[in-house]
Every structure is written in structure tokens, then in C-alpha cells.
Amino acid sequence: MSVFNQSRGRIIQIIIGLVFIVITAQLINLQIFSTQYKLAAENNAIYRKIIYPDRGIIFDRKKRALLENTISFDLVVTPSESKGTDTAALCAILGIDTTEYKKRMLDLIFKNTRVRPSVFEPLLNAELYAKLTENMYKFPGFVLSERSVRTYPFNTAAQLLGYIAEVDTSYLRKYKHLGYEMGDYAGMSGLEKTYESILMGQRGIKRFIRDNKSRIQGPYENGIFDTIPVAGRNLFTSIDVEVQQLAEQLLQNKIGSAVAINPKTGGIITMVSSPTYNPNVLTGNARRKNWGRMVMDTAKPMYNRAIKGQYPPGSTFKPLGALVALDQGLVTSDYGIGCGGGYGACGGVFVRCEHSNAGHAANLRLALANSCNSYFSDVFRKALDNKKWGNPNQGYLKWKEYMNAFGLGRRLEVDLPSEDKANIPDTSVYNKFFGGARRWNSCSVLTLGIGQDKMTATPLQMANLMCIIANRGYYFPPHFVDSIENEQVEDTVLMNKYRSKHVVTNIADKDYQAVNDGMHDVTVYGTASHIKIPGIEYCAKTGTAQNPHGKNHSLFVAFAPKDNPTIAVAVVVENGGYGSVAAGPIAGLIMEKFLNDTLSVAGKATAERITNMDLVPQAIKNWYTRKDAERAARLAKLALEEAAEKDEAENIKENNKSNTEAILEQGSKPVGNKKDSTEKYKIKAALILSEDKKKRIGGRAQ
Amino acid sequence: MIKNKNISQGVDYPMIWLYSILVAIGVLCIFMVEYREGGNWFTSFIGGKTNYSKQLFFAGFCALVATFILLTDSKLFTAFANLMYAFGLLLMVATFFIGKNINGSKSWIPMGGGFNLQPAELCKIFTALALAKFLSRQETDFSKLKFQLIGGAIAIAPAILSILQHELGLALVYSSFLIAMYREGLPAQILIFGSSFGVLVIASLIIEPNILMIILSVIALVLIYFARRQARRNKGIITAILFIWMVSVGTQRFVIPYIFNNVFECYQSTRIYSMVGKDYNCADNVKSLKKQKAGNEKAPRKPDDYNVRQSKIAIGSGGFVGKGFLKGTQTRGKYVPEQHTDFIFTSLGEAFGFIGCFIFLSIYLALLFRIVQIAERQRSTFSRVYAYSVVSILFFHIAVNVSMTIGLFPIVGIPLPLVSYGGSSLLTFTILIFILLRLDADRQMVLR
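Chains as they are written, first to last, in the numbering used here: chain A, 1 to 702; chain B, 1 to 448.
Only chain A is shown next, with the shape it has when bound in the complex (with noise of 0.2 Å):
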């Protein structure tokens, strides 16, 4: 009968290649015409590690270098091995309590799952590590892990070198080309942030093969597609750190700013903003505590006034005054002028003198270093009632040119982030101000010729001021960078807008000698008469900017040798009182440093003297207060919530812990037992408070 059925052998061998054409076609579907299954192969079986290289280095005018990377260690833990932890040993080393203990570890796994390595506890200090290092064996699944760590030898400059932080989402979107990734670092302010890209050099990426528990199982390929990181590139910079020092130490106890610019460069030798901080304390693991107090803090230690600070330059302006009155032809050196005690031309504002005796404003030499309201009015008006302008508003319009030339009222494009440009304002704001372009004129802004009104400066376009005056016309844009490491196109293309002479006025040599000359007198038998560098002629211009707020703002603008000048300054002192009394002496300080390289016996007096003298204001002050108050107050609460949280932890333990190791063991997100026990304690906690420190605390939290 099989003769009967012979064809079937043929039919199940055509259903057998039928099945296997089928088999054939989804292989070839498969691994032929689908790419997704590639991309997921190797999103599964292979890890790219980072390799960091090391940040670029920054360093001072003599190859110091102002900040240096040092290693420091991450306590990283995969929780699914750190079975047979000794947790009570861990704990006492950390200081933690074991409730702690799990609730990180439940975080880390929520966070970041079972399997995979998270920070326990990042940048270990040097004595924890050591600590750690010892008992590691006790710990399975545990490891240190290395980071680098920025720290600053001289414990200067923090406001200048900026902060590097791990980047934020908002950070990875704006920069998302340049490749950032959770977990990098990256400058946040400060020159930090502007070079970053030189700073921080190339990635190295290592490619490992993973098992399926994220598991490293050896290198991918031999390695053959790993690349080697390139370390970030050093810096050098104008600054100077020991003038650094000594400026931050003279600003210590005041609000107020000081900038020295080397006026043959543009390179910036100091530059302080007080009260500013220990840039140490913003690395490693001392950042999460200070962090947050100094971002709250009233007197606002990381806001650089040298580039954000925006002040009236009162008298230090009048030197700008009678330049723009020369270059305009208006007047000459000669120019002179009698002032009675007083400017009286425009009959309603009538400007004070503090000079009254005949022939103190003969010239331009005698009214500078007499520093003459009347005499720098006239020129001023002098100026904006330019005939060759038309009206005054377009005499204003000019004079608002002049000052944009001479870099007031415009950014400075130094080499740090977020820098002010100040203000010189438009005549719309005046229009607005006075109810119309025809309703003022040279008179209503009489102040501005002497430094007041709405104008003001910020210390480093006043420094940059002086630089201008000590070159006799021209500068170049202040900046910190010199040079940086292996220079390339780009970067030189970068520098070269630091490297440019900007030409500003096309005065005569004589009657620049006037203005120099008359600084210079100043600082002979003029307001700053008392302040002497040993060794060294300068030139300088006190200033005493109003203040609606409170005492007056001390100014002082000076650059020294007084022929070949090499160091221009600017120092304002906020409500420091006479320009001659608290900001004269930094300036004088800083110059003789920078110069003699060294302080005099006097000088260090000075120093001494000035460094003691406190001219915080009060109401600051007063805060600072309030605030260690609250303080207190929230550790006497504290030390309440833990004696009763110890009272009744003996009554919840047993509860407590099966409930929280059962979540460790299933990984799954925690039950809101235990945040009741707490919360419930803390109500607790507050009852016990006496009534009037029940009262502090409402009062900070409204």
C-alpha cells in the first residue's frame, strides 16, 4: 500500500523546504534588513566609560599656580552585592546611623537600580579615606572610586577662578553639542566657565563589553575603538597672587571693590570684590555644605562687584571730563577759570566747590589736582553746548559716544562671565526723565561733568580708565589670559581681541601731560597727599561718590610709575567715606606691592591699620546676626526631634526594620510607614519648644 502514497514523501519534503524558506526569510529579515536590532546589541553588551582628563591648570604672572587638581575619593556601592556588608562598622565610620544607612540605600536603588554602581558618599575627606581603606575588606560590594578634585593652594582668587560643578539638565540641553553628560564637571563661573573648553580637555572613551547584570566582562575589541584622553590645557594669567592676597586682605571687613590692570597689556593683576570667600570651600565635599549659605547670604560673597559692582565715579571721573573737552578742541591745558566756591552758571543747580581761594582752577594742572566742581561743570557744559552739534541733545549724544570710547557704559568683553556694562544713559532716559528732548538741556545734567547723576562705573571700566589716561590714549581690553598652553588658530583668534590696541582720543601730548600732571599733583599736596609709595612718583584722583543709601562710597583711581606707568588702579570702598580715607591707602598698598614687590615698614603698617578698619554697615551686620540666632535655634530643635526620635526608636525597631529590609530585598519603592513615625515626632518636638522660640521660628519661616 506505501505504492499508493509514494507522492506524499515528495509533499512533506515540499512542506519541510516551505518551513525552512519561512525560517530563511525571517533570518533575513532579521539580520539583514533590520538595523534596530544592532543599535540594541550594542546599547545592551557595551559600556562606554569615561575617562576624565585632567582640568587644565590656571596660573599667575610668575607660574604659580593658583589652583591645582588633586585626587579625592567617591564611596560607591552596587547594592545587589553588598550582601554581607558589616553595616554597623560602615555606619560608625561615616557617622551615619543604620536607619540612614537604608534609606540612602533604598534611594540609590530607586534611583539608579539594584545592579548598578551609584555614590554613596562622594569626595571623601582625607581621614575617612584612610579610615575606609582599612576596613574596605568588611564591606563587599563597596569600592572607592577616584575623582578629581580642584583645590586652591593660595586660597585666593575665588571669585576670579569661578567654581566647577557636576552639570544639570538645563546645562546637558544648552551645551548638548559639545557633548557634556550626567556625572561631568564643568567651569560654572569665573574664568572656569570662559575657558572651559580649553580647561577641560577631551574625553577618553574605553568601550567594555557588559554582561547582563551590567557586569564588566573585559575590553571591547581589544580596545581597538577606545580613544586616549587628551588633558585640558593650562592657562597663564596677568594675575598677580600675592597683590591678590594683600588686596583681599586690605577689603577684608568692607563691602567694596579693587582692580589693577597692567595698562601696557590689559592684563588684569588683581582683582577683588569684598567680602569674597575661600574658594576651597566651594570644592569636594565642603561645596554641599557652603553652598547653600553663601548663595543666601546678604552681603552676596559671590557677586563680583569689580565686574558687577555699578557705582557713581563722582570726582575720579573729572579726568575723562576735561579729556573729552580737548579732544573736541573746546578748551586747552591753558584753560582756566575762576571759581568762587562754586558753580552758579544755570541759576537753579547751583554745584558746590570745596575750594573757594583765587586761581585754584587757573588751568587744567591746578583744577585737577584741586579737583574743581566748577571748573569740570563748565567743561562739561562746554561740551554737550558744542555748537558743531547742534543742541545739546545731540551734544549729549556725543559725549555718550566719548564715554562708550573711553569703555563706560559698555562691556569691557573681559574674559569673565556675566560682566556689567554700567550705565551712561541714553537721552530717551532723560526725555523720559524731564518730559521731553526740549525740556533739558547742559544744565539739567549738570552733575554728570562731575561724576554724579545717573551715570555710573563699574571699578573695572574705571580702572581701565586709567589705563587709557596712563597710556595717553589708548588700551587694551582688560583681560585675565596671557597666553594659554600649545596655542592653536582658534585660540589665537580668541586672544587676539585681548591683543588689540584700541586707540581712543587724538589729544596732544601736552595736553595730556596737563591731565597726568595734574594727577600727579594730587597725590603732592592734593587730596591724596598722604598717601606715598616709597621709591615711586604716581598719579592719582580721589573720588566721594554720593550715596542716597548711607555714608558716602569711597574712591580712588591711580596709576603708578608716574612716566612708563606699569600698574593702573581702581578701588571703591562702599560707604568708606572720603576717597582719601579708606579706598586711597588699598590703591597706595597695592601699587607699592605690585612695584617694591614688598611692603615698607609704614606700609605695612597701613596694611595693618586698614585691614582692622570695619566698614560693614550695620544693617549687614544685623543680619548676620539674626541669622546665627535662627541657626541656633534650628539646632536646639534638632537635638529635640533626635533625643525624642531615640525615646521611641526601642518601641518602632522591630516594626521598622522587617518592614525596611523586605523593601531592600524587593527593590521596589519604600511604604510611608516610617516618614509617619517621623513627621508624628517632629509635631512632637515642636510642642516641647518654648513659646518664644516657637515664635523666632514662625517669624524666618513667613
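In short, the hints are calculated from the structure, not lab data.
One should not assume that every hint holds.
Claimed, not checked - Pairs of lysine-lysine residues, derived as DSSO-like cross-links and limited to a Cα-Cα distance of at most 30 Å, are as follows:
| # | chain 1 | residue 1 | chain 2 | residue 2 |
| --- | --- | --- | --- | --- |
| 1 | B | 327 | A | 38 |
| 2 | B | 334 | A | 83 |
| 3 | B | 49 | A | 213 |
Stated by the list, open to error - One-sided excerpt, in silico: chain B residues whose CB lies under 7 Å from chain A:
| # | residue |
| --- | --- |
| 4 | 318 |
| 5 | 335 |
| 6 | 372 |
Quick reminder that beta carbons are idealized off the backbone N, C-alpha and C, glycines included.
Following the hints, put chain B in place on chain A, whose structure we already have.
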């Protein structure tokens, strides 16, 4: 019979070559799965602790068994076929009492020395022999329903026992005897009917119930339209069409949902649904709901097709030429579960790509066609039926195993013949093939 006859006489050498090549490929594949960079593979190989060295040991043992089988007399198999079948069934029943629980199925008998025997595996051989014996009986006329039913019963009995042991995959294997029976005269309608039913089941999983009902109705109406001429002569046709339509719709609307929700376990339904690319909602499953109430099972998770996904990733990432021997990242990362046994095909697919898979499948195809060829040259019905049984079993294993790794079939625990790791499985297929070779060597004899 001639004494001292040469055992190699009449033995089909191409078969032995194909067999050896496949076993060698199997050992290499297991080596790929086990291999870890850095470790001294030679020492661990000698140590015999690794699966590939164990598999090599099994292969050696199988070579011994194969030689032994070639030395026996082929009359032995006809003589003891029924007895062995009974013995096999007895062993399977025995597992219910002395069985050992491995991976949730109580189908293993511990043999001592760490080896376990799965009687259901051996039962495949015995069933093949018994079926061959039954069909080759003089009085059997397989065109009669009675004998068809008895033949079916022989195949179904061990299948039922396997299902009772929770070995669904093994039970399905017995359905492959249909192919052998088809060759011996089982009406083609049964196969056609069976495959139509399969299409209906798949369609009702994929297509919305209402849309499918409309499609079925349209097909029925079109059929009636074409059959209207014949219908004048024979009213029965219309009735038959309407009856089939009703059965189809009933199956699709009520029977299949009932089976998936009430008969299958949640994970089984999920697997079948995931094969057609659909999610199965375990909240509909009565059994899982019951378990939830009893508190034995966690709330249903999202359908988990991890196995199939990883298996497809491994094979798909191989590309056209593959990543190279021992270079498979998915294999080395142990992403595919059970890769040395049921998913061994993935390691090959990843390492050698489409080319490798194609050559590998061609070897299998050559093996199957060779057996069909051997079957057709047998003079005795016993040998022919047995040969077709072997083809059927091998074909079913290969097709189902490969299909499940590439996502064409739900995951059932069926090994890839001669390649997957496992002593029982290798031994079973060795015995199956070498009995066939013995019978083929004696094809001049008439065996009953």
C-alpha cells in the same frame, strides 16, 4: 545471519557525516556560550566542569551507544517495539512517584552521579518504534478509521502524560507523528483541516473579533455565491458552508477567549500573544486572578517578552556575516537566557550571521531530506514508518526551536536536535538516528 559481519556494511555514511558535523557544531556553540576571555579555557575544559566538556563527554558516550546499536540485530527492534513502548509509558508514570522536580516540571528520574533521565525523551523513540510496529502489522489497514484512531492513540498517550508533567513542549512533539501517519495514508483533509484551524486561531488573536466575524461572513457569502449552481443540485453544500461558518465564528468569539482566559496559565497566554506581537492582559486570566486572591502571586506585571527580545537582538545583531567566532557581545554578556540549551541557535546567529545560519540550516535540511530518501528506499513498512517518524520528530524540533528563537513561534522548551546542550536529548536523537541506520543497513530484509 552471518556472524562476524562488518558493522560498517550497508551503513549510510552521509548520515553519519551529517550527524557528526551537527554534534561538533553543537559543542562549538556551547563553547562560545561558556567561553570567557582571560580564563584558561583549556584547564577548565580538562577539568570537565564546563558544559562543553560535559557535552563532549556525552558525545563520546553517544558514540559508544551508536556503535552498540549498529552491532545489534535489527530484528531486535521489531521484536521489542511494543514492550519498550509499554516500558516507556511505565517509566513516565513512575516519574509521578519517584520523579525529581527540575525547573518546575516533575519529569526527571535521578540516575545518581548527578545525571537525570527524562523518560519523556526516550519515549519518543519507543513511540516511533511502536507506531512503526503497529502500522507494519499485516492486519492493519490504515485507510480505515479504526486503525487511524489506534495509531493516533499510540502517539497521544505519552503526550498526555507529558502534559500532566507540565512539559507542554515535549507533548507537542508527539503531534509530529501526524506527518508520519500522513505518509501512511492518513487523509490529507485532516492536515488541511488542522492548518485551517491554525489560521483561524492566529487570525482571532491578531484581528479584532468583530472585524474577523465580518471577514468570515464575507468569505461564507462569497462561497455561497460561487456554489449556487451546485447548491441547486445539492442543498447540503449551503448547509455545510453555514455550519462551518457558525463553528468558525463560535471558535473565534467564544472558544479561543475561553481557552486563553480560563484554561491556560497567564504566562502561557502571554507567550502566545507576544508571538503575534500583542499584549495579553493577565487581569482577564481566571487562574491568575484566583492565585492573586489566594495571595500566591504578585499582581500581573507588564507582559514580559525578555527572552524573545534578547534572542532576536542576538540573532539580528549578527548581520550578514556575523561578528566572528567568540566575538558575540550578546553571547558573552549572557543576555539570552538558557542560551546553551534551547536558545543555542542565537549564539550561532550572532557569531556567524545570516551566512552561518543559512549553512547551518542547509545541513539540517540535508539531514532531513537524506532521511526521507532513506525512508523511501525501505522495503519494509516498519523501517519506512520508523524513518518517517524520525524525520517528523527532527523536523518538528528544528522548526519549532529555530522559529521560537526568531520570534515565529511561542517559546516552548524544545531543544535543537544534536546541538543543544543536554545528555538526554543528545542520547535520544543519537538512538533515533542510529536505529534508523541499523534498519537501513538491513533494508534488504523484510521486517514485520
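Which numbered conditions among the earlier hints are violated in the structure presented, ordered from lowest to highest? Every hint satisfied by this model.
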